[in-house]
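Trainee: The chain contents come next:
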Amino acid sequence: MARSVLDALTSRFGDAITTRSDHGDEVAVVARDRLVEVATFLRDDPAMAFDSPVFCTCLDRLHLNEDPRFEVSWQLRSLRHRQRIRLAVQVPEEDARVPSLTGVWAGLDWQERETYDMYGIRFDGHHDLRRIYLYEEFVGWPLRKDYPKEKRQPLVRRTGLE
Amino acid sequence: MEFVTSKLEAAANWGRKFSLFTYPFVTACCGMEFMSVAAPKYDIARFGAEFPRFSPRQSDMLMVVGTITEKQGPILRRVYEQMAEPKWVIAFGVCASTGGFYQNYHAMPGCDQVIPVDVYIPGCPPRPEQVLDALIMLQKKVQEGRGESIDSYRRAMAAQTGNQ
Numbered sequence: 000m001a002r003s004v005l006d007a008l009t010s011r012f013g014d015a016i017t018t019r020s021d022h023g024d025e026v027a028v029v030a031r032d033r034l035v036e037v038a039t040f041l042r043d044d045p046a047m048a049f050d051s052p053v054f055c056t057c058l059d060r061l062h063l064n065e066d067p068r069f070e071v072s073w074q075l076r077s078l079r080h081r082q083r084i085r086l087a088v089q090v091p092e093e094d095a096r097v098p099s100l101t102g103v104w105a106g107l108d109w110q111e112r113e114t115y116d117m118y119g120i121r122f123d124g125h126h127d128l129r130r131i132y133l134y135e136e137f138v139g140w141p142l143r144k145d146y147p148k149e150k151r152q153p154l155v156r157r158t159g160l161e
Numbered sequence: 000m001e002f003v004t005s006k007l008e009a010a011a012n013w014g015r016k017f018s019l020f021t022y023p024f025v026t027a028c029c030g031m032e033f034m035s036v037a038a039p040k041y042d043i044a045r046f047g048a049e050f051p052r053f054s055p056r057q058s059d060m061l062m063v064v065g066t067i068t069e070k071q072g073p074i075l076r077r078v079y080e081q082m083a084e085p086k087w088v089i090a091f092g093v094c095a096s097t098g099g100f101y102q103n104y105h106a107m108p109g110c111d112q113v114i115p116v117d118v119y120i121p122g123c124p125p126r127p128e129q130v131l132d133a134l135i136m137l138q139k140k141v142q143e144g145r146g147e148s149i150d151s152y153r154r155a156m157a158a159q160t161g162n163q
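If you're matching them up, the sequences are chains A and B in order. Take numbering that gives the first Met the number 0: the final residue in the first sequence is number 161, and no numbers are missing along the way. Take numbering that gives the first Met the number 0: the final residue in the second sequence is number 163, and no numbers are missing along the way.
One or more hints might be untrue.
Taking beta-carbon pairs under 7 angstroms as the criterion, some of the chain B residues facing chain A (in silico) [what the hints assert, rightly or not]: (1) 4; (2) 69; (3) 70; (4) 72; (5) 76; (6) 104; (7) 112; (8) 113.
Distance condition first, Cα-Cα at most 16 angstroms in a straight line; then the derived EDC-like pairs of lysine to aspartate or glutamate [stated by the list, open to error]: (9) 144(A) to 66(A); (10) 70(B) to 135(A); (11) 144(A) to 92(A); (12) 144(A) to 116(A); (13) 144(A) to 65(A); (14) 70(B) to 136(A); (15) 70(B) to 116(A).
Chain A stretches covered by chain B per the calculated footprint, using a threshold of three residues with CB under 8 angstroms from any CB of chain B [claimed, not checked]: (16) 36 to 45; (17) 64 to 77.
Note that these hints are calculated values from the structure, not bench results. C-beta: ideal position from N, C-alpha, C; glycine also.
I would like the entire structure built from these sequences, with the hints used as guidance.
Mentor: See the structure below:
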């Protein structure tokens, strides 16, 4: 079913889309500067009607030696047509930013903040891009593969009690 | 005179150990086990500690139940500091005791990193019997007039008088 969505995207947006199938999930890898356009089409076209964003997350492919390093993805679901699709954007480390899709689906607000919090991906156009789980004093991006896995950044510790 | 005051102290401590007012600082799944301890089957009321006070100013036993994250450290510290002396702390479960299986960026390796702890309960989560056992151990401590916060206060006073 979602195959037909991929075909529709390819015929409409051409070079901006490459497609693949991940463990039974259809993925459309979109050019970064066309993302909002593609997302708006998926939401508004009656044959698509993707009305429900499921999640937004990021993949750090540091140890897979893939270039570019990050892939930010948005999982979408169409309740009307009972199908789902994933949008993905390849993001290089030195320019880790993508357009925000909160203007298309407002529900992605906190999802994108979480992705920013954990991976340091900047979402251009997000109205309130702050850390959502971690504290402001935290330095770095804990779910990046090069963050030392046991590195803690304490806010308080006992002193002078011993 | 010393005989009288020591007997008074013992009587006060006897009263304290059977009327511990709990502040449950519940953050995670151990809370389920805490409820089980409090519920009729295991019935913490048999030890006089059944009355949770959700104000630190009215409680004298802090139960740290569940994982403490670094972000929660300042909150836990403040709750502890608001409790009036004498006060005792129980670390409930491995997460509160040592950080448990979390060895990463967000989990504090035991709540004793920010507050002094009197009794540690292992287990993930602990059995209610273990919690009652810990409570009995704490009662022993209370009867003897000991406790991490009391001891650190005494140490601080001793250091102060030593300076003069």
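Trainee: Does each hint fit the structure? Answer for all of them.
Mentor: Hints, one by one, checked against the model:
1. 4: violated (28 angstroms)
2. 69: holds (6 angstroms)
3. 70: Interface hint status for residue 70(B): holds (5 angstroms vs cutoff 7 angstroms).
4. 72: holds (5 angstroms)
5. 76: At 5 angstroms from the nearest chain A Cβ, residue 76(B) passes the 7 angstroms test, so the hint holds.
6. 104: Holds - the Cβ of residue 104(B) comes within 7 angstroms of chain A, reaching about 4 angstroms at its closest.
7. 112: With a minimum Cβ separation of about 6 angstroms from chain A (threshold 7 angstroms), the hint on residue 112(B) holds.
8. 113: Holds, because the Cβ-Cβ distance from residue 113(B) to chain A comes to roughly 5 angstroms (cut-off 7 angstroms).
9. 144(A) to 66(A): holds (15 angstroms)
10. 70(B) to 135(A): holds (10 angstroms)
11. 144(A) to 92(A): holds (12 angstroms)
12. 144(A) to 116(A): Holds - the C-alpha atoms of residue 116(A) and residue 144(A) are around 14 angstroms apart, at most 16 angstroms.
13. 144(A) to 65(A): holds (13 angstroms)
14. 70(B) to 136(A): Since the Cα atoms of residue 70(B) and residue 136(A) sit roughly 10 angstroms apart, the hinted pair holds (cutoff 16 angstroms).
15. 70(B) to 116(A): Answer holds: residue 70(B) to residue 116(A) is near 14 angstroms, not above 16 angstroms.
16. 36 to 45: violated (count 0)
17. 64 to 77: Check failed, 0 qualifying residues.
Hint compliance for this structure: hints 1, 16 and 17 are not met, and every other hint is.
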